[in-house]
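*Asks:* Line order of the protein sequences matches chains L and R.
Residue numbers in the first sequence follow my numbering, run continuously in steps of one, and reach 392 at the last position.
Residue numbers in the second sequence follow my numbering, run continuously in steps of one, and reach 691 at the last position.
Rather than coming from a laboratory, the hints here were simulated on the basis of the structure.
Model, not experiment: these values are computed from the prediction.
Even for Gly, the Cβ is constructed at its ideal location relative to N, Cα and C.
Mixed in with the good hints there might be a few duds.
[Stated by the list, open to error] Pairs of lysine to aspartate or glutamate, EDC-like flavour, derived with a Cα cap of 16 Å:
(1) L:Lys-353 <-> L:Asp-373
(2) R:Lys-482 <-> L:Asp-155
(3) L:Lys-280 <-> L:Asp-290
(4) L:Lys-67 <-> R:Asp-599
(5) L:Lys-67 <-> L:Asp-56
(6) R:Lys-631 <-> R:Glu-560
[To be verified] Non-contacting residues of chain R with respect to chain L, defined by C-beta distances greater than 10 Å in every case (computed):
(7) Leu-163
(8) Tyr-284
(9) Ile-319
(10) Val-350
(11) Phe-369
(12) Ala-376
(13) Tyr-481
(14) Met-498
(15) Ile-583
[To be verified] What the simulated footprint calls covered on chain L by chain R, stretch by stretch (three residues with Cβ under 8 Å from a Cβ of chain R suffice, anywhere in the stretch; the number is not a length):
(16) 212-223
(17) 245-252
(18) 372-379
Read off the chains here:
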Amino acid sequence: MDRVTDPTFWMPKGASTVAGDVDQLYYFLYWLSVVLFVGIVGAMTWFALRYKRKSETEIPHGPHHNTVLEVTWTVIPLILVMVIFVWGFRGYLRMVVAPGDAMVINVTAQQWQWSFTYPNGVVDAMDERKDKQPVNGAKDMPVLRVPAGRPVKLVMRSNDVLHSFWVPEFRVKHDIVPGQYSMVWFNAIEPGDYRVFCTEYCGQDHSMMMATVMVMKPEEFDAWLKKKGGEVGGGDPVAAGALLYKTKACGGCHSTDGKPSVGPTMKGLFGRKEEITDGQPVTVDENYIRESILEPRAKLVKGFGPVMPESYGNKGPADQQLSEKQVESLIAFIKSLK
Amino acid sequence: MSVAATASGRVPHYLEAGKGIKSWLVTLDHKRIGVMYLWSVLGAFLLGGLAAILVRTELWSTGQTIMDANAYNRMFTLHGAAMVFLFIIPSVPAALGNILLPIMLGAKDVAFPRLNLASYYIYLVGALFALAAIAFGGVDTGWTFYTPYSTSDKVANTAVMMTFAAFVLGFSSIFTGINFIVTVHKLRAPGITWFRMPLFVWAIYSTAILQVLATPVLAITLLLFMVERTFGIGIFDATIGGDPVLFQHFFWFYSHPAVYIMILPGMGIISELTSTFSRRPIFGYTAVAFSSVALAIFSFLVWGHHMFVSGQSEYASALFSFLTFFVALPSGVKMFNWLGTMYKGSISFASPNLYAMAFMFLFSIGGLTGIFLGALSTDVHLTDSYFVVAHFHYVMMGGTIFAFFGGIHYWWPKTFGVTYNEGLAKIAVALQFIGFNITFFSQFILGTRGMPRRYFNYPPDFEELHRISTIGSYIVFAGFLLTAWYLIASLRKEKNAGDNPWHSVALEWQTSSPPPVENFVETPKIKHGPYDYDHPDAAPLVLASASSNRKAS
Ligand SMILES: [Cu+2]
Ligand SMILES: [Cu+2]
Chain L
55 MDRVTDPTFW
65 MPKGASTVAG
75 DVDQLYYFLY
85 WLSVVLFVGI
95 VGAMTWFALR
105 YKRKSETEIP
115 HGPHHNTVLE
125 VTWTVIPLIL
135 VMVIFVWGFR
145 GYLRMVVAPG
155 DAMVINVTAQ
165 QWQWSFTYPN
175 GVVDAMDERK
185 DKQPVNGAKD
195 MPVLRVPAGR
205 PVKLVMRSND
215 VLHSFWVPEF
225 RVKHDIVPGQ
235 YSMVWFNAIE
245 PGDYRVFCTE
255 YCGQDHSMMM
265 ATVMVMKPEE
275 FDAWLKKKGG
285 EVGGGDPVAA
295 GALLYKTKAC
305 GGCHSTDGKP
315 SVGPTMKGLF
325 GRKEEITDGQ
335 PVTVDENYIR
345 ESILEPRAKL
355 VKGFGPVMPE
365 SYGNKGPADQ
375 QLSEKQVESL
385 IAFIKSLK
Chain R
139 MSVAATASGR
149 VPHYLEAGKG
159 IKSWLVTLDH
169 KRIGVMYLWS
179 VLGAFLLGGL
189 AAILVRTELW
199 STGQTIMDAN
209 AYNRMFTLHG
219 AAMVFLFIIP
229 SVPAALGNIL
239 LPIMLGAKDV
249 AFPRLNLASY
259 YIYLVGALFA
269 LAAIAFGGVD
279 TGWTFYTPYS
289 TSDKVANTAV
299 MMTFAAFVLG
309 FSSIFTGINF
319 IVTVHKLRAP
329 GITWFRMPLF
339 VWAIYSTAIL
349 QVLATPVLAI
359 TLLLFMVERT
369 FGIGIFDATI
379 GGDPVLFQHF
389 FWFYSHPAVY
399 IMILPGMGII
409 SELTSTFSRR
419 PIFGYTAVAF
429 SSVALAIFSF
439 LVWGHHMFVS
449 GQSEYASALF
459 SFLTFFVALP
469 SGVKMFNWLG
479 TMYKGSISFA
489 SPNLYAMAFM
499 FLFSIGGLTG
509 IFLGALSTDV
519 HLTDSYFVVA
529 HFHYVMMGGT
539 IFAFFGGIHY
549 WWPKTFGVTY
559 NEGLAKIAVA
569 LQFIGFNITF
579 FSQFILGTRG
589 MPRRYFNYPP
599 DFEELHRIST
609 IGSYIVFAGF
619 LLTAWYLIAS
629 LRKEKNAGDN
639 PWHSVALEWQ
649 TSSPPPVENF
659 VETPKIKHGP
669 YDYDHPDAAP
679 LVLASASSNR
689 KAS
């Protein structure tokens with residue numbers, strides 16, 4: 055199966071399941087470029103020396119064009135770039151489609167720090183290990199703990215401007231856009247520590263916005279998460295979401311048992327293909343649920359009227375608006391209604 | 139025909155046609171306007187270059203070296219904005235294009251001389267506005283001005299101000315563009331058919347079309363900003379329901395074609411240089427001409443390749459990646475045809491041709507590394523890293539700027555009637571070429587290994603490569619200072635160049651150097667194209683100028 059690859063002259067260690075394919079394409083392009091470059095610059099140098107001007111009055115004679123040659127050097131590159139396109143596209147598909155069983159961790163980015171929240175409500179802790187010094191002048195380095203060998207999906211949101219999540223060893227990167235959830239997933243192969251960089255310019259301390267991904271043995275990770283969950287207590291987003299669902303009266307219009315009432319049922323909603331009035335069908339994901347709650351009129355489910363209150367989003371009075379945290383809890387709760 | 143004999147009995151050249159500062163400020167002569175543009179864009183190049191040196195110096199070591207994070211962020215913004223908007227975009231078309239396009243077409247001037255002068259003043263206004271915004275507004279967003287950072291209070295609405303500046307500068311480009319389009323269509327001397335036009339003219343013509351079509355997008359963006367501010371309708375601002383990614387679409391819908399506004403004219407220069415210094419007709423002239431047009435068209439369809447990880451739809455990314463690969467083809471065609479032109483030529487190692495060969499070397503690397511970024515899965519790793527920084531410097535600096543300086547050296551005797559110190563010029567090219575590779579090749583390694591761009595600070599394991607890069611940048615800088623020195627020194631000399639120092643058969647060399655105000659004493663009769671070295675009527679031109687030169691020296 056997949057294994058961690060050692061750093062090469064160019065690439066850092068490859069520590070996720072997509073790294074191998076990216077590196078293969080990279081090195082294919084690299085050697086292709088070397089061959090083409092040596093061909094072009096070699097021909098140029100050879101011509102320059104071979105046909106160096108001998109006298110000021112010499113007038114050389116040579117071919118003006120050559121159709122066969124010209125067609126060849128258009129068609130061969132065309133075939134090559136199409137192969138490269140398909141290769142890159144297939145690798146990209148693997149990077150953007152997270153496996154259904156991926157563990158979801160919520161990521162919040164803001165100027166200039168990262169924060170990570172686990173399914174049971176545990177929020178990341180700083181690195182307690184003494185020998186780990188923050189780099190780049192960062193004041194502290196939050197730690198994203200993940201289990202080795204299991205897919206992890208990050209649902210990321212920004213509190214202010216654009217940011218971007220990059221772990222070079224995983225070969226994955228995604229911008230974090232305010233006003234929506236941005237997703238990235240990876241499957242880290244072996245335990246180890248890697249750096250997280252912010253790679254979308256975000257102001258003064260952009261270069262100090264760093265974190266560590268700590269890939270742990272799955273058993274150790276589970277134990278850690280359980281222990282922390284016990285300490286935090288009551289922070290479980292599913293429970294928090296269930297409570298909100300009650301207090302915000304969602305249940306008045308939405309059932310959790312599969313029967314439609316004023317609004318569609320929440321049971322099995324996540325991942326469902328939903329028919330939309332005036333629009334393409336959509337597959338329900340975090341972003342869709344978020345939009346359905348904050349801007350209910352943006353997409354109307356077929357067969358239902360525009361009656362869901364708009365007051366949960368920023369159109370409502372301040373005391374009725376839901377915070378990002380509350381929306382995240384509601385999503386966690388809805389996702390739990392399988 | 140010796141130089142002295144020409145001096146006595148000839149019409150005064152354009153530099154003698156009027157004296158004093160006023161004769162320059164109100165001039166309608168395309169050559170003088172071109173010269174004013176030349177000094178202005180070189181001023182911007184110096185400014186952007188100084189900023190670059192400060193940026194590289196700060197990166198000498200991890201942590202703070204000479205300035206704090208805020209100053210650093212402003213410095214790279216100044217560098218990028220000055221280089222792109224004030225230097226590279228206007229450089230070749232507005233400076234060299236203005237000086238040469240009418241002469242190459244056998245015309246007396248451009249179609250609308252007043253518009254031409256207006257474009258220069260608009261450029262000045264736009265440039266001053268941009269610099270004032272950066273200097274007093276503390277703009278630290280990078281030259282891409284992405285929202286919402288650029289619309290936050292801290293940076294005082296940079297996006298609006300800078301879009302406005304880019305828009306004003308764009309208007310100057312539009313004026314120049316319209317002028318060139320009409321001049322090419324209407325003012326070609328009898329005998330200059332479309333396919334006898336120099337490839338430099340084809341390149342400038344394609345660029346002009348791009349400028350006229352792409353620049354209005356800036357105006358639309360500006361208008362949308364105004365609507366958002368005034369009526370509170372969410373367009374780019376997520377807190378009122380807008381979408382920051384939309385700004386990126388608008389930005390690149392202009393700025394990607396702008397990449398071709400920057401590189402096409404450079405490619406045009408390389409065609410001229412390669413032909414003259416190989417004494418060969420351009421191999422596959424028609425293919426090269428059409429490849430300029432093809433690049434201009436494709437450049438409108440690929441803007442989304444800057445946004446593969448931005449959160450645009452994955453389908454869009456796939457389509458943009460697919461289309462991007464078609465840009466590779468016309469670029470490759472040009473490269474191969476230049477090689478074909480050198481084949482069996484008579485190749486000179488004069489400094490302009492050294493620039494041309496440096497261009498081919500550097501642009502090959504720039505183009506090939508573009509493939510890494512066009513392919514989706516590798517782009518995810520490489521985007522927003524130093525790999526991208528290195529890639530576009532190889533294209534923009536190794537490509538356009540080397541071509542521009544090749545062009546400046548080539549047409550220096552034409553424009554000012556003097557020759558520069560060729561020995562120093564060769565040293566300067568060597569310094570620039572070697573320094574450039576040291577500076578930017580190390581950045582490919584940095585980026586692939588995981589160094590993000592726009593970083594004031596970086597982990598210690600990147601320090602060594604950063605130092606190499608910084609040393610390289612000093613070498614490049616020294617090379618350009620040397621160039622500035624011998625070019626300025628040459629202006630003090632007597633006019634000693636002769637009319638056709640390179641023994642070219644191209645039309646611009648068939649009039650005196652510097653040319654008279656109306657470019658030609660009589661309307662030229664064109665019997666052959668600009669590259670027809672083996673045409674029976676052309677060969678004597680080469681021989682005559684070559685022997686006259688020997689006598690004069
Ligand atoms: Cu950042
Ligand atoms: Cu582009």
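*Asks:* Okay, the stretch 245-252 of chain L and chain R, do three or more residues pass the C-beta test at under 8 Å?
*Replies:* With 3 residues closer than 8 Å to chain R, the stretch 245-252 of chain L meets the three-residue bar; holds.
*Asks:* Are the Cα positions of Lys-482 (chain R) and Asp-155 (chain L) separated by 16 Å at most?
*Replies:* 64 Å, violated
*Asks:* Between the alpha carbons of Lys-67 (chain L) and Asp-56 (chain L), is the straight-line distance 16 Å or under?
*Replies:* This hinted pair holds, its Cα atoms lying about 13 Å apart.
*Asks:* With a Cβ-Cβ cutoff of 8 Å, does the stretch 212-223 of chain L contain at least three residues near chain R?
*Replies:* holds (count 7)
*Asks:* Confirm or reject: Leu-163 (chain R) is not an interface residue toward chain L, with every Cβ-Cβ distance exceeding 10 Å.
*Replies:* At roughly 40 Å from the nearest Cβ of chain L, Leu-163 (chain R) sits farther out than 10 Å, so the non-interface label holds.
*Asks:* Quick check for students: does the CB of Val-350 (chain R) sit more than 10 Å from each CB in chain L?
*Replies:* 29 Å, holds
*Asks:* Beyond 10 Å from every chain L Cβ: check whether that's true for Met-498 (chain R).
*Replies:* 6 Å, violated
*Asks:* For the pair we were handed, Lys-67 (chain L) and Asp-599 (chain R), check the Cα-Cα distance against 16 Å.
*Replies:* 14 Å, holds
*Asks:* Is the nearest CB of chain L more than 10 Å from the CB of Tyr-481 (chain R)?
*Replies:* 6 Å, violated
*Asks:* Between Lys-280 (chain L) and Asp-290 (chain L), is the straight-line Cα distance small enough, at 16 Å or below?
*Replies:* Holds, because 12 Å separates the two Cα atoms, which is no more than 16 Å.
*Asks:* Taking the shortest Cβ-to-Cβ distance between Phe-369 (chain R) and chain L, state whether it exceeds 10 Å.
*Replies:* Correct as stated: the minimum Cβ-Cβ distance to chain L is 16 Å, above 10 Å.
*Asks:* Does the alpha-carbon distance linking Lys-353 (chain L) and Asp-373 (chain L) stay inside the 16 Å limit?
*Replies:* Violated, because 25 Å separates the two Cα atoms, which is more than 16 Å.
The structure is inconsistent with the numbered hints 1, 2, 8, 12, 13, 14, 15 and 18, although it conforms to all the rest.
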